[in-house]
Amino acid sequence: MINRRALILSALAASQARAQGFAGLGTESAGYAMPDPARPIRFPQDHAPHPRYRIEWWYLTAPLSFEDGTELGIQWTLFRSALSPEPAGPGGAPPQAWLGHAAVTTADLHVVSERYARGGTGQAGATAAPFAAWIDEWQMQGATPADLTLSAAGPDFRYSLRLRAQGPLIRHGQGGYSVKSQAGQASYYYSQPFYDAAGTVDLGDGPRAVSGAGWLDREWSSQPLAEDQSGWDWFSLNLDDGRRLMAFRLRGAQDYKSGTLIGADGKAVPLGDGDILLDPAAREGGPPTRWRLRLPGHDLDVTITALNPDAYMATRIPYWEGPVAFEGTAHGRGYLEMTGYTNPR
Amino acid sequence: MIRAVLGVFWSHWRRNRVQLATLVLGIALATALWTGVQAINAEARAGLEAAARSAIAAEMPRLERRDGGEITVEDFVALRRAGVLVAPVLSGPFQPRPGTTLTLTGIDPLTAPAGLWPQADATADPAAASRIFLPPDVAAGPGQANHPAVPEGQAIADIGIAQRELGRDGFDALILTPPQPLGAPDPQAVLPGLVQVAAAADTDPADLTQSFRLNLTAFGALCFIVGLFIVRATVGLAMAQRRRTVGVLRALGVPLRLVGALMLAELALIAACAGLLGVVLGYLLATALMPGVSLTLDGIYGARIGSAVALRPVWWLGGLAIAVLGTLASAAGPLLRTARGPVIAAPARARPGWLPVAAGLALLALSAALAVLGGSLTAGFAAMAALLLGAAALTPSGLSLLLRAAAPLARGPVAQWTLAETRAQIPQMSLAMTALLMALSANIGVGTMVDSFRRSFSDFIDQRLAAELYVATPDGGAALSALLGDDARPLPITWADAEIAGQPSEIYAVVDDPTYREDWPLLTGAPDAWDRLYAGRATIINEQLHYRSGLGPGDMVTLPDGPAEIVGIIADYGNPLGKLLVSQPRLDRIAPGAVPARIAIRTDRPQALRDDLIAGGIPADRIALQAELKSVSLRIFERTFAVTAALNTLTLAVAGFAVLTSLLTIADSRLPRLAPLWSMGLDRRHLARLELVRVTLSAALTAMLALPVGLALCWLLLTVVNVEAFGWRLPFRADPGAWLLLMGLGCLAAVLAALWPAWRLSRISPRALSEVQSLDQ
Chain A
1 MINRRALILS
11 ALAASQARAQ
21 GFAGLGTESA
31 GYAMPDPARP
41 IRFPQDHAPH
51 PRYRIEWWYL
61 TAPLSFEDGT
71 ELGIQWTLFR
81 SALSPEPAGP
91 GGAPPQAWLG
101 HAAVTTADLH
111 VVSERYARGG
121 TGQAGATAAP
131 FAAWIDEWQM
141 QGATPADLTL
151 SAAGPDFRYS
161 LRLRAQGPLI
171 RHGQGGYSVK
181 SQAGQASYYY
191 SQPFYDAAGT
201 VDLGDGPRAV
211 SGAGWLDREW
221 SSQPLAEDQS
231 GWDWFSLNLD
241 DGRRLMAFRL
251 RGAQDYKSGT
261 LIGADGKAVP
271 LGDGDILLDP
281 AAREGGPPTR
291 WRLRLPGHDL
301 DVTITALNPD
311 AYMATRIPYW
321 EGPVAFEGTA
331 HGRGYLEMTG
341 YTNPR
Chain B
1 MIRAVLGVFW
11 SHWRRNRVQL
21 ATLVLGIALA
31 TALWTGVQAI
41 NAEARAGLEA
51 AARSAIAAEM
61 PRLERRDGGE
71 ITVEDFVALR
81 RAGVLVAPVL
91 SGPFQPRPGT
101 TLTLTGIDPL
111 TAPAGLWPQA
121 DATADPAAAS
131 RIFLPPDVAA
141 GPGQANHPAV
151 PEGQAIADIG
161 IAQRELGRDG
171 FDALILTPPQ
181 PLGAPDPQAV
191 LPGLVQVAAA
201 ADTDPADLTQ
211 SFRLNLTAFG
221 ALCFIVGLFI
231 VRATVGLAMA
241 QRRRTVGVLR
251 ALGVPLRLVG
261 ALMLAELALI
271 AACAGLLGVV
281 LGYLLATALM
291 PGVSLTLDGI
301 YGARIGSAVA
311 LRPVWWLGGL
321 AIAVLGTLAS
331 AAGPLLRTAR
341 GPVIAAPARA
351 RPGWLPVAAG
361 LALLALSAAL
371 AVLGGSLTAG
381 FAAMAALLLG
391 AAALTPSGLS
401 LLLRAAAPLA
411 RGPVAQWTLA
421 ETRAQIPQMS
431 LAMTALLMAL
441 SANIGVGTMV
451 DSFRRSFSDF
461 IDQRLAAELY
471 VATPDGGAAL
481 SALLGDDARP
491 LPITWADAEI
501 AGQPSEIYAV
511 VDDPTYREDW
521 PLLTGAPDAW
531 DRLYAGRATI
541 INEQLHYRSG
551 LGPGDMVTLP
561 DGPAEIVGII
571 ADYGNPLGKL
581 LVSQPRLDRI
591 APGAVPARIA
601 IRTDRPQALR
611 DDLIAGGIPA
621 DRIALQAELK
631 SVSLRIFERT
641 FAVTAALNTL
651 TLAVAGFAVL
661 TSLLTIADSR
671 LPRLAPLWSM
681 GLDRRHLARL
691 ELVRVTLSAA
701 LTAMLALPVG
711 LALCWLLLTV
721 VNVEAFGWRL
731 PFRADPGAWL
741 LLMGLGCLAA
751 VLAALWPAWR
761 LSRISPRALS
771 EVQSLDQ
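Quick mapping for you: the protein sequence lines, in order, are chains A and B. Okay, so the first sequence: first residue is 1 according to UniProt numbering, each after it adds one. Okay, so the second sequence: first residue is 1 according to UniProt numbering, each after it adds one.
Treat the hints with caution; some may be incorrect.
Unchecked claim - Partial chain B-side listing against chain A, Cβ under 8 Å, derived:
(1) V77
(2) R80
(3) R81
(4) L110
(5) G183
Said to hold, decoys possible - So, partial list: chain A residues that the calculated Cβ filter (under 7 Å) puts toward chain B:
(6) D136
(7) A153
(8) R158
Since the hints were made in silico from the structure, they are not lab data. Just so it is clear, the structure is predicted and the values come from calculations on it, not from any experiment. Even for Gly, the Cβ is constructed at its ideal location relative to N, Cα and C.
From just these sequences and the hints, can you work out the full model?
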């Protein structure tokens with residue numbers, strides 16, 4: 001996936017942001033560290049935050065079900081944005097701002113909460129060991145990314161999950177160097193797509209047990225979007241046969257598609273622009289909540305439908321994010337994120 | 001031909017300069033009145049918004065350290081990490097440059113509740129977060145920026161910058177920002193050293209100031225109607241005077257269409273110029289009145305707003321539109337009449353026929369129907385407009401009726417002639433008298449409303465602030481109780497939030513104390529209401545809950561612990577919520593463990609007790625003296641009403657000008673009516689006196705008609721508009737003295753307007769009178 005998620009934070013970082021790309025992600029990045037294809041992602045070092053890069057995020061999505069089978073999904077996101085490439089004082093770290101988004105989506109409900117924090121106080125932050133990311137009481141934590149607890153709450157919801165990885169970490173692109181445009185914009189990007197998730201979700205009527213799958217994305221960069229790119233459509237799909245698929249399309253003067261097909265054994269196959277066919281269904285106004293996705297080289301042809309078409313994130317920079325289900329040559333559930341569309345409401 | 005016609009028009013104005021001046025001045029004054037009120041209204045609104053923004057921090061519940069010390073960054077982080085949403089605030093004196101001291105408030109724009117930070121979106125311009133925001137009237141130096149949302153005397157900065165400027169490491173308080181997350185913990189359980197602090201006394205007049213704004217809007221609408229009327233009066237007379245010219249032009253072969261088009265174009269040009277003049281006058285007027293408005297808001301929020309008046313397109317364009325559209329609409333009628341009439345005709349004398357009477361009665365019926373059946377704020381305003389227009393349509397007939405009724409009172413031929421002549425001249429005077437009626441009735445209506453408002457508020461303050469001392473008790477009052485002797489009676493103020501009859505409400509406990517029985521009068525209720533309340537099974541509710549739920553005395557209402565009978569209703573001006581009073585034991589059942597957030601204290605020595613409490617360790621800013629609160633609250637409203645009074649005076653002045661215009665424009669046509677009296681031996685001074693008497697009589701009768709109209713307007717404002725807008729009814733308070741004064745002022749305005757024409761008459765050459773007489777024969 002992409003630059004997606006950097007959304008708002010980058011707006012904190014640059015006043016001229018909105019002029020370029022979505023949420024300023026195409027903004028100039030002078031002074032910040034840049035991803036280098038010669039330097040692949042290394043574990044466990046790269047579990048730590050990367051303050052010399054302009055933006056970074058910890059992103060967890062989980063398509064879940066209540067015990068009666070009712071489907072839902074939860075989202076947990078922490079964004080970090082450097083306010084300057086230079087340390088505030090001698091020996092200090094570059095000043096940071098943090099932003100959290102959390103949401104619970106059912107077929108007829110979509111509740112969202114948003115938190116802000118400045119760096120340096122402990123109100124928000126992240127560490128590599130233990131593997132932790134937090135803002136206020138929202139928290140993702142475990143000794144390693146293989147076993148996490150996750151919690152968040154808003155005025156009308158509260159959830160708490162345990163996530164246990166059933167497979168390896170996946171580096172996207174070239175050892176984690178993930179290209180985002182024809183012009184060569186790139187980010188570092190790795191995922192843990194193999195979580196079993198279980199816990200409770202409270203929608204104001206008491207905690208109820210839930211279970212399902214989970215998907216963690218970690219990504220950092222300094223200028224992940226080309227200036228002409230206005231938004232993206234990003235998919236994470238859990239196939240019933242145990243495979244996982246990550247695919248995205250960046251919309252710009254010329255669309256740019258990329259992805260990773262992950263075998264049940266964790267073997268990752270990078271997908272290039274020509275490997276992915278992606279067609280939105282007819283839509284009225286807002287983002288398309290029905291899609292056809294094909295991987296001709298892998299005999300995959302699925303129709304993807306949003307659980308709740310109204311899953312707009314009513315956050316300061318709005319976007320659409322929610323659980324989906326798909327059928328066709330494969331079945332399963334996943335998450336969809338769409339940015340840079342006009343919200344019809 | 002066009003040039004020739006324009007030449008004729010021009011020569012008319014050159015020969016009748018006074019007429020041109022009155023036309024221009026009339027339009028300009030009407031425009032000025034409208035734009036002035038609009039300007040004040042718009043600025044008051046903008047100022048209220050700025051002031052309201054700065055008031056948010058003070059209105060929100062805060063956490064402070066029990067020992068009064070600084071809150072640390074670690075305390076803040078501990079609460080946030082526990083799931084309590086708080087935002088730090090810090091304030092202290094700050095000198096942007098030598099000789100200027102502001103109160104600098106530090107805010108964390110990332111966690112502060114929406115509206116506290118001056119910019120709408122703190123994240124849109126992060127570079128701004130490193131600046132100190134100053135009010136517009138303080139010159140900004142390096143690292144500083146002016147922002148209109150910063151109230152005078154204040155400065156706002158990021159909390160980190162405020163800490164640096166004030167030399168502080170911690171915070172004064174943490175604001176609890178709503179809404180808290182689901183299942184958020186009790187902050188005191190997270191950090192035992194903190195206490196939750198509410199304001200010392202709950203006299204927030206925010207909802208009352210909303211009412212003030214609404215009344216200003218209503219007044220602006222009345223001014224619009226009065227303004228249009230004055231334009232109509234001026235233009236109608238100007239058209240009538242030129243009817244002969246039009247006749248001559250048409251007789252000479254100029255097509256009516258061309259004459260009409262040129263007259264409309266000419267009037268539009270005059271109206272645009274006069275309107276522009278009016279906008280400038282309105283601006284000057286607003287600037288002159290603005291310090292008053294500023295002062296009003298100053299009192300309301302304790303924060304001064306700027307007194308500058310910005311020239312907003314909305315109101316100056318609106319003013320121009322009034323001038324031009326009002327003029328053209330007023331000219332259309334006379335033009336049409338001219339078009340339908342024969343080429344040369346004697347000036348038609350409009351008589352109060354059946355049509356205006358029928359229209360007036362229909363409008364009054366519509367007004368009554370809207371008031372009774374309307375059920376919305378719009379219907380309330382429409383009812384007011386219909387009432388005013390209906391009354392205007394009926395004014396000439398009403399005057400005629402009154403004069404006919406007065407006829408038997410006249411003794412002697414001169415008196416009888418004066419009375420008859422007054423009646424005969426009603427058509428000529430009707431527009432001016434209607435304008436006077438509208439101005440007077442608007443003044444009586446708004447004045448009575450304002451007076452009712454003030455007296456009700458004063459009573460309300462007596463009720464709300466019955467105790468001599470109020471103390472905020474974040475600890476539930478334990479520390480305070482230990483300090484109180486036998487000579488002080490504490491009245492704990494404890495409440496619980498609940499939804500009652502579908503309305504968000506507060507349930508208050510009242511202890512059995514004479515204070516409530518004596519100082520809290522019931523609007524309606526059983527004589528033994530308080531006894532039954534203290535017995536535990538009954539409740540007294542506020543007027544808001546009564547109107548919204550439809551529940552009244554005798555009805556049962558379901559409280560969280562079971563049913564209770566409503567035994568009375570109390571007034572509770574300015575409270576947006578429903579309120580129920582129950583006995584202390586009953587509230588303990590409804591909300592076990594609820595402790596008083598404030599304690600009212602009855603004492604004979606408030607000042608001394610206050611000093612004792614401070615000496616005993618209660619922070620001074622948690623104690624409020626009733627006497628100080630009362631005087632502050634009442635002063636706020638005295639100022640509010642001063643502005644309304646200034647606007648009233650202005651309306652009367654404009655109506656007076658309409659009378660002057662009418663008299664001047666009909667002065668020439670008066671001579672043939674007066675010449676016979678002169679030839680019968682009445683000297684010119686006597687004639688001038690008779691003219692004054694005639695105008696005074698018309699004005700006095702108009703004032704008599706204006707009284708019921710004004711009272712009806714007031715009734716609409718108090719019982720329809722206010723109830724629709726705010727859910728409470730203001731009791732009507734009659735003030736005959738004020739009404740007489742206003743009626744007297746209306747007559748005075750008319751008499752002053754008549755003085756100059758009368759003086760001209762007294763100095764007119766006898767030859768002019770004799771010529772008129774000979775022409776007449």
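Checked hints:
Hint status for V77/B relative to chain A: holds, with the closest Cβ pair at about 5 Å, below 8 Å. The criterion of a C-beta within 8 Å of any C-beta in chain A is met by R80/B, whose closest approach is roughly 5 Å, and the hint holds. Hint status for R81/B relative to chain A: holds, with the closest Cβ pair at about 6 Å, below 8 Å. Annotation: interface hint on L110/B holds; nearest CB of chain A at approximately 4 Å, less than 8 Å.
Interface restraint check for G183/B: the shortest CB-CB distance to chain A comes to about 6 Å, inside 8 Å, so the restraint holds. Proximity of D136/A to chain B holds as hinted, the smallest CB-CB distance being about 5 Å (cut-off 7 Å). Given the 7 Å rule on beta carbons, the hint for A153/A holds: about 4 Å separates it from the nearest Cβ of chain B. This hint holds: R158/A has a C-beta 5 Å from the nearest C-beta of chain B, less than the 7 Å allowed.
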